[in-house]
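Position chain U against the provided structure of chain G, taking the given hints into account.
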Amino acid sequence: MGKPKLAFFDFTGCEGCQIEFTNLGEEAILALLEHVDIVEFREAMTETTTERIDIALVEGSFTREKDRERLQSIRKRSRIVIAYGACACTGGINALRNHQDDYHECVYGADARMPHLQSGPALPISAAIKVDYYAHGCPASKDELVRILSALLHNDTPLIPSYPVCVECKRNETVCRFDEGDYCMGMVARAGCGAPCPALGIPCEACRGFVDEPNLRSLETVLMERAGFSQERAIGKSRMFTANLRS
Amino acid sequence: MLQNVDIDIHHLTRVEGHGNIVVNVSDGTIETCEWQVPENPRFFEAMVRGRHYSEVARITSRICGICAVGHTLASVTATEAALGIEVTPQTRKLRTILKHAENFDSHVLHVYILVAPDLLGAPSVFPLIPTHGEVVVRALRLKRLAHEWGSLIGGRTTHPITVLPGGFSSVPSERDLKAMRDRLVAAVPDLEATIETILSVADKLPAFDRPTEYMAVADDAEYGLFSGRVETVLADGDRASYDVSDYLGITNEFVVPQSTAKHTRNRLRSYAAGALARFNVNYDQLHPEAKKAAEALGLSPICTNPYMNSVAQVVECVHAVHESVRMIDELLEEGVVEEGLVQPTRFGSGVSAVEVPRGILFHDYTYDDEGLCVRANCIIPTNQNHGNIQLDFEELVPQLLEAGAAEDDIALKLSMLVRAYDPCISCSTHYLDVEFKR
Numbered sequence: 642m643g644k645p646k647l648a649f650f651d652f653t654g655c656e657g658c659q660i661e662f663t664n665l666g667e668e669a670i671l672a673l674l675e676h677v678d679i680v681e682f683r684e685a686m687t688e689t690t691t692e693r694i695d696i697a698l699v700e701g702s703f704t705r706e707k708d709r710e711r712l713q714s715i716r717k718r719s720r721i722v723i724a725y726g727a728c729a730c731t732g733g734i735n736a737l738r739n740h741q742d743d744y745h746e747c748v749y750g751a752d753a754r755m756p757h758l759q760s761g762p763a764l765p766i767s768a769a770i771k772v773d774y775y776a777h778g779c780p781a782s783k784d785e786l787v788r789i790l791s792a793l794l795h796n797d798t799p800l801i802p803s804y805p806v807c808v809e810c811k812r813n814e815t816v817c818r819f820d821e822g823d824y825c826m827g828m829v830a831r832a833g834c835g836a837p838c839p840a841l842g843i844p845c846e847a848c849r850g851f852v853d854e855p856n857l858r859s860l861e862t863v864l865m866e867r868a869g870f871s872q873e874r875a876i877g878k879s880r881m882f883t884a885n886l887r888s
Numbered sequence: 011m012l013q014n015v016d017i018d019i020h021h022l023t024r025v026e027g028h029g030n031i032v033v034n035v036s037d038g039t040i041e042t043c044e045w046q047v048p049e050n051p052r053f054f055e056a057m058v059r060g061r062h063y064s065e066v067a068r069i070t071s072r073i074c075g076i077c078a079v080g081h082t083l084a085s086v087t088a089t090e091a092a093l094g095i096e097v098t099p100q101t102r103k104l105r106t107i108l109k110h111a112e113n114f115d116s117h118v119l120h121v122y123i124l125v126a127p128d129l130l131g132a133p134s135v136f137p138l139i140p141t142h143g144e145v146v147v148r149a150l151r152l153k154r155l156a157h158e159w160g161s162l163i164g165g166r167t168t169h170p171i172t173v174l175p176g177g178f179s180s181v182p183s184e185r186d187l188k189a190m191r192d193r194l195v196a197a198v199p200d201l202e203a204t205i206e207t208i209l210s211v212a213d214k215l216p217a218f219d220r221p222t223e224y225m226a227v228a229d230d231a232e233y234g235l236f237s238g239r240v241e242t243v244l245a246d247g248d249r250a251s252y253d254v255s256d257y258l259g260i261t262n263e264f265v266v267p268q269s270t271a272k273h274t275r276n277r278l279r280s281y282a283a284g285a286l287a288r289f290n291v292n293y294d295q296l297h298p299e300a301k302k303a304a305e306a307l308g309l310s311p312i313c314t315n316p317y318m319n320s321v322a323q324v325v326e327c328v329h330a331v332h333e334s335v336r337m338i339d340e341l342l343e344e345g346v347v348e349e350g351l352v353q354p355t356r357f358g359s360g361v362s363a364v365e366v367p368r369g370i371l372f373h374d375y376t377y378d379d380e381g382l383c384v385r386a387n388c389i390i391p392t393n394q395n396h397g398n399i400q401l402d403f404e405e406l407v408p409q410l411l412e413a414g415a416a417e418d419d420i421a422l423k424l425s426m427l428v429r430a431y432d433p434c435i436s437c438s439t440h441y442l443d444v445e446f447k448r
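One line per chain: the protein sequences are G and U, in this order. The opening position of the first sequence corresponds to residue 642 in the working numbering, with each subsequent residue numbered one higher. The opening position of the second sequence corresponds to residue 11 in the working numbering, with each subsequent residue numbered one higher.
Keep in mind that a hint or two might mislead.
As the list claims (entries may be wrong) - Sample of chain U residues facing chain G (criterion: CB under 8 Å; computed from the structure):
hint : residue
1    : G60
2    : A78
3    : R154
4    : H157
The hints are simulated quantities; they were obtained by calculation from the structure and are not laboratory data. Ideal Cβ positions, reconstructed from N, Cα and C, are used throughout, including at glycine.
The following block holds chain G by itself, in its conformation from the complex (with noise of 0.2 Å):
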């Protein structure tokens, strides 16, 4: 048996998990190469695949609804589909003009109701197939991925944390953001990224989702009186990367 067949494909995002995994270094990349072939990569090969594929990555949010079958043949194709990085898990930052009409006139003007440029809302991959597992994250932690695929190719199950970014923050010993006199979302937000931002000063942005049974009402109670925030702009924070997740 050769080794297990590992693809990249990409859909409506910046490309910057892919980009993430580029940045793995020497050791790492020809180390998982001992262990996997590549057979798709279209932003670093121009080789394709139409066999069966052990593990598909999926990059991107589902915005457009002849996407779909392009996902459908990937899933037809794969034996593992993960959901890379926030626009292919939740919709990500695109989903932000999920609550918007009138985002194609902002851009287009005059010009806004051509038939090429029309783009739906902006969904997680989960909208047209199945997922197995999910990397969060804007962008997905290239070590985290590591992780999943280490894990699967152990025929283990992966561990994607569900618990708040607090925790993190706690085991960093990184000072509240609002002991600061910030903000913060990551009471809210799933954790697993290590807690890097409030580590360097800024809030946490929940571009990994939130946890499984958010409080979301208290979020924005919090964001208004801990932080001062207007209802408004506390309900825009709240979904700055979790739009789909929001009512």
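Showing chain U alone in chain G's frame:
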């Protein structure tokens, strides 16, 4: 002999984003010769409306995963112009080092992973591991260095963390800066080896010259990066200079009937942005070591061969390393301190021009009295190059037909031409694409 050619490259590989090449020649007559862009629109300018100035850059950074540092710097610089913020000299220096890291990072990815396979006759970098293992390992080593160099200042290179309007949320320690300085110096042999590798395959770069207008940021203090003015130069050396705030009059976005994306033009029918444009505009301010590298690589201003953009990127890598070492030395001499963010003095409109790896990038914002964004506009370098790529196609295809080139060879040369511009298509926020008849 009357030729027939039918090239239809759907979703060209080894470029960032999605683009197509279509050429049809029937009995020697060119019927179609097009560079098309079917990328999905992203609507960032709509999404930042109503957002506080402190979070706008975190959104617009997500326009592009490769030039996220550049988009972040363009965003905070435009916001600072709109809010009357003057950053400290330390912030400027740290941002300059971060910008050099991004250019180096992106150029290494482009030259080694996206372009080199064409020159070495491989479909991608992976088959080169058994045949050119040393080159691949060097590429990945340089890529990782660039990532860690940028992360030291920005916290991360794909969507940096610490870069905010008014300064940094956190600055690197002097100890870490010193360690990075030593790693940069230690990378010099890898840069020399890079030049050797390029020279060994230089004959594979097509000889094709088409003079155009070259546009870049120009600054009296340094090889233009993110402050100063906009300057353009023609092949005969004729220069023109513009204020950054006049960017709409320089870019002139327009729709071409047979074309896909919005194109731009200034003094000619199109212009070029990117490493070669910067080299042509700002050659005099390159670090002496970078000038030596250019000489070794046979590159001198004003170069009008678009395929040489990749060579200009190597020259910029040398410049980035030596300039960063110099700036780290200055910072260590002066001492690095945690500074608070410089606060807004007004709320209004502001424009920035930043040299990202692929060329000049403009961001423009207006804020209301609460510091909330009411209007945004971003003009991306790749969009500014589409028109120039199209005109290159229109001149190159007849030349290749005249020389009796085979269809495969024409397809490869056109793919290599597009790759030479290092397009970053998912960046491009302004599209007007049309469906093409097959």
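We went through each hint and held it up to the structure:
For G60 of chain U, the interface hint holds, since its Cβ comes within 8 Å of a Cβ in chain G; the closest pair sits about 6 Å apart. Checking A78 of chain U against chain G by beta carbon gives a least distance of about 6 Å; that is within 8 Å, so the hint holds. Taking 8 Å as the C-beta contact cut-off toward chain G, the hint placing R154 of chain U at the interface holds, the least distance being around 4 Å. This hint holds: H157 of chain U has a C-beta 4 Å from the nearest C-beta of chain G, less than the 8 Å allowed.
When held up to the earlier numbered hints, the structure conflicts with none and fits them all.
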